[in-house]
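Asker: Sequence:
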Amino acid sequence: IILTRMDHEGNVSPWLQLAEDHGLVVRWLPFDETSWQVEEATLAGLLSEKTRLVALNYASNLTGSINRVKVLTAIARNAGALVYVDAVQFAPHGLIDVQELGCDFLICSAYKFFGPHMGILWGRRDVIETLEPYKCRCSSNGLPERFELGTPQIELMAGLTAAVDYFADLGAAASEGGSRRQKIAKAFAASIAYENPLAQQLIDGLSDIEGLTVHGITDPKRLGDRVPTVSFTVDGIVPETIVRLMNAEKIFLWSGHNYAWEIVHQLGIPAEHGVVRIGIAHYNTAAEIDETLESVHRVIAMLRQQRS
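Heads up, the sequence shown is in my numbering, so the first residue is 871 and it goes up one at a time.
Don't read these hints as lab results, they were simulated from the structure. Remember, it's a predicted structure, so these values are computed and weren't measured experimentally. Where hints are given, some of them may not hold.
Quick list of the computed label-pair ranges, beta carbon to beta carbon [claimed, not checked]:
1. I966 to R1174: 39 to 45 Å
2. I990 to A1059: 21 to 27 Å
3. G1081 to K1005: 20 to 26 Å
We treat Cβ as the ideally placed atom computed from N, Cα and C, and that holds for glycine.
Using the sequences and the hints, build the whole thing.
Answerer: Here's what the structure looks like:
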């Protein structure tokens, strides 16, 4: 099994436990700290005829970096491995096409794209048909029923459908006609065009602060290689302190390792403190980014003054 140093623990810990239970070998795939992505050559160097599965993440929930999943998947599958993609962080910011990616499994969660808290697993039928889950004897062996025991959570499905409808409506407002899929694609195109300048505005403003490090892609020419999730640390200041004070100003951020356990360890960031993470979506405005930056400046200046 090959796991990356870039993934959320949801795509790490279960595989580690599986490996421990069955005596499997785990190989670690680091990310490049210059490109902030998993590199194809590094993956190729870890593959062998014994590789059975490669777990990848589409976009990092800490650095925001988008991996070249289609290319990585092709490399892994050419070596005979299954590919399992965590697209949770990518799903609210980009159009997913599992056929184009060529992966065997892809997961995401509806709450990230404005739906309810529910998990979504897509799998290639020819692969899923070979899997035999633990299940009740009297329940169906058909698909997807044998993986979905009992009464389905219809209220969550309704919320998921409504979230997808929202994107279709958003795309309809930004385009002229087309299929539902085309409207959703247009929605994401419009969202990306709107979110990217906000992300760069935030990154540029943060980068101007002395002693502050943005962990991720900062080059304006590479905005297409990241989602607008921005994480940073400040020399000598605990992230949770910054977040608590900004929350008091009604600017709601998050601090910690964000379950990106392997990333903080590779970067040498203390896991008990982690980073300050700011997430942008298409409902945010340039004025809100300005307000956020003003708050960051104010809070950091106050904390530094208290230390002096």
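Asker: Hint by hint, say whether it matches the structure.
Answerer: These are the hints, each one checked on the structure:
Here the CB-CB span from I966 to R1174 is close to 43 Å, well matched to the stated 39 to 45 Å. In this structure the supplied range 21 to 27 Å holds for I990 paired with A1059, their Cβ-Cβ distance being about 22 Å. Restraint check, G1081 to K1005: a C-beta distance of roughly 55 Å breaks the suggested window 20 to 26 Å.
Hint 3 from the earlier list is the only one contradicted by this structure; the remaining hints agree with it.
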